[in-house]
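Visitor: Next come the chains, spelled out residue by residue.
Number of protein chains: 2
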Amino acid sequence: MKKSEKAPIPLKYQQYVQQMQKIADIRFANAVLQWDQETYLPAKGAGVRGRQIATLAETAHALFSEDWFGDLLQELSSTDRLDENQRKNVTLSLEDYIKNKKYKPQFVRKLNEQVNITFHAWLDARKKNDFRVWEKELDHLISLKKEESYILGFEKHPYDAHLNEFDKGITVEFLDENFARLLPELKRVQLAVQGKQDGPKPLLKGIFDGEEQWRLGLTILKKMGFDFNAGRLDRSEHPFTISFHTQDVRITTRINEQDPTQLIWTCIHEGGHALYEQGLPAESYGLPLGEACSFSIHESQSRFWENGIGRSRAFCHFLFPLLKNCFPDSLQRWNEDILYRAVNWIQPSLIRTEADEITYHYHVAVRYELEKKLMNNELKTKDIPILWADYYKDYLGLSIPDDNNGCLQDVHWAHGSLGYFPTYSLGSLYGVQLLNQYSATYPNWEKDIANGDFSGPHKWLNREVYIYGKKFTSLELCNISTCKPLQMSQFITYLENKFLIKL
Amino acid sequence: MKKSEKAPIPLKYQQYVQQMQKIADIRFANAVLQWDQETYLPAKGAGVRGRQIATLAETAHALFSEDWFGDLLQELSSTDRLDENQRKNVTLSLEDYIKNKKYKPQFVRKLNEQVNITFHAWLDARKKNDFRVWEKELDHLISLKKEESYILGFEKHPYDAHLNEFDKGITVEFLDENFARLLPELKRVQLAVQGKQDGPKPLLKGIFDGEEQWRLGLTILKKMGFDFNAGRLDRSEHPFTISFHTQDVRITTRINEQDPTQLIWTCIHEGGHALYEQGLPAESYGLPLGEACSFSIHESQSRFWENGIGRSRAFCHFLFPLLKNCFPDSLQRWNEDILYRAVNWIQPSLIRTEADEITYHYHVAVRYELEKKLMNNELKTKDIPILWADYYKDYLGLSIPDDNNGCLQDVHWAHGSLGYFPTYSLGSLYGVQLLNQYSATYPNWEKDIANGDFSGPHKWLNREVYIYGKKFTSLELCNISTCKPLQMSQFITYLENKFLIKL
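The listed protein sequences correspond, in order, to chains W and X. Just so we're aligned, residue 162 is where the first sequence starts under the numbering used here, counting upward by one. Just so we're aligned, residue 162 is where the second sequence starts under the numbering used here, counting upward by one.
Careful, some of the hints might be misleading.
As a list, the in silico PhoX-like pairs of lysine-lysine whose alpha-carbon atoms are at most 25 Å apart [what the hints assert, rightly or not]: (1) Lys317(W) / Lys205(W); (2) Lys183(X) / Lys183(W); (3) Lys485(W) / Lys317(W); (4) Lys384(W) / Lys205(X).
By construction, these hints were calculated from the structure, which means they are not laboratory data. Since the structure is predicted, the reported quantities are computational estimates derived from the model, not experimental observations.
Model the full structure from these sequences, guided by the hints.
Guide: This is the structure:
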């Protein structure tokens, strides 16, 4: 009797898995279309590709919103006959299901349409280097994002609803407190480092053959442990990582023939994301436990590699001979010390994506403050450029020469991605804390890196981060992987050690 | 009153179009996944890609099989308030719908599974060069194909049901009659040509740089009118053309560094297919009138270009200087006459895909006879190699040395594509008849080709073939475009003119 009572639940869990994997098939198929769009799509193909992508998104969404599936999730979530991981999957899927159901189809359509319009208005504004060209559509989109705050719900601040989308549990309260502690410390370290730096920044001169750069990128990715039988490297205008499942993870990069360090550190950054995707539990394909923890933790992986490993002295020791071998003429007067200084040069600048490890966080803080005030009606869309300029003056000491070098530089708002930027800073913090933990476990890691053996951090991250998928929130995972809560102090100490003591 | 009576129909037709375009989005998305599978997919990606492709196919199929959609099609097909093209779309969709409904889901699953197993058994058999490795699974698949004949229905011969799938209205009766007339004529011309040929066939010697070949392929495709803003050329193991809509049509080819003519004539062949796809009516996206007429007519387009244009003396006149410019050393002793003779060399051979314009049809006839007898229980699967050998002896005068050079050479049966091969011969006949009609309209066309201007045939085919989509059957289209029914005699006269009079 007992057995037959129990029988339906495993079957029903299997139904849940099947539906989730079907949805995953469609979502990942859509990811293939998006990858193709950024890499190989012929110019005239964009129009119909847009509708094909929209149809797949709607189809996946419709499958996830079916009433019977909600009933199934409810039933599974109230049984005690699932194991811990099964329960976690069901709980997370049900949360998503309930959230999805909050949206009226008309709102979703309006939001998607407005994103599309706002994105194209942004492209146009970029061309004309004029925020005013974008203002009206951005304002409409921000209105919808405010509406969305109330659809999703929040406890204290409407911005919380959006922050929660990118990193569960993160709030204005949490970020206000952390930025308030971070920014003065950053300023202190930044000024001290700049006082120590012998200017000007070492600059590479010459033309660096694209194919040589490409081979170098491939070499480094292979050394990092990126599995080229389960992934690819291609070119696109903006570098990105995209996954179609753990056995097919693709990176893109771009070639700048004036500066090979761009391709190299882009490969390392995207490689960090990609190793995470390749390392997620393949058996949980389509389920929450097969997905990455959060945007913050994803970013921690790219920062761990890009800054923690890639901008270490050990890595420069490893890289310099390779680089010199590829470009002997241009690197005649360089050595690994100069390379190390060049890739760790601290200098406030106007463009976030080009910023160094310290001043980067001012850029994030500016966007955080603006998004928060927009969501709270403290800031009107039309006043974005003014406040942007004020903050850049205040945080970075810089004047904004034009909109393209100011508030038109990022695509995020044009996509309606408000709440995304803070994950970049949180990712850096988590990245450093993971590096510290790894370093405490394997104090000699730098020797391996210097010798071109990067398998240590890869194995460690696999064990401490990748395998958990979405089982924990960022903060929980941090506790598990580093045995400590998120500690701002670790990041500051790391910067001090690196830039004031060791450099 | 009258107006409100009429109102629902246009709206309902719009519903029909929307559903068809949604289905097209998913099918074409799946085509992107298939293209990627053949071009850029990393090795380990194949497994999950297979299930993603299967899910998209099932999703599209489910959308097309919804009951409300059948009701809608029935209603639209019985109204007189649609225009001619709308009526044609609805009629063809309803035919498809009814056909689809004949299949039980269990049968479709069984067939798909058996195709998958049979394909892998074929790969294995190819590796071992042994038909016996394939026999059992092929036999299972053929049994299912026989079952399918009765599901689809036929009037006289079970094979008719399958022939109809690739070219509507084509029957055993029609093909028996045509092959019976074609084969003796072919034999007569073949023997006469071989008597005239000064052997041996001119062969190119040397290594032909792949990148030079690639550029030549691109040049020729551009000259043919292939729009690279609405398509691409990539590499794959087996060349193919695939379309995601008229503005994104992709070709693949392969590089043989021993023989550049392979890449060149593959590009022309696939280019012929691709021009057709780029020229289909874009406004009928997702509807029958936006699709190609049939497999035969599709093949007529590749043959028109590959043989009619590409193997003309005029084309060799155009190509030779380009070829010599790319590979001056290897072509030192060649001239355009030698090139013309080389690409028009008539010689029976074992492999269909390498056959010349005349003996090619023996290869098709062998397969046609075998498929017919398999469907009619006149031939047992285990006896395929024996009958294959008999026919090759009879038609081509050749002995079969091993299975890879015999009945294991084509993938078609492994895919369950019985009924496909005859479209290759029909395509050649249609292709020649189209060329004759074009030639009658523009008697000086060869001058343009010799000067590298290929816009004439492209424009003409656009007007006479592309724009009709699937509005007519192959035979109807032939009547419209060439003002005559399909005439076997035109093909024979073409061969005589080309190989016995002009050469």
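Visitor: The structure should be examined with respect to each hint, and the outcome stated for every one.
Guide: Hint check:
1. Lys317(W) / Lys205(W): violated, 47 Å
2. Lys183(X) / Lys183(W): holds, 18 Å
3. Lys485(W) / Lys317(W): Outside the cut-off at roughly 55 Å; violated.
4. Lys384(W) / Lys205(X): holds, 19 Å
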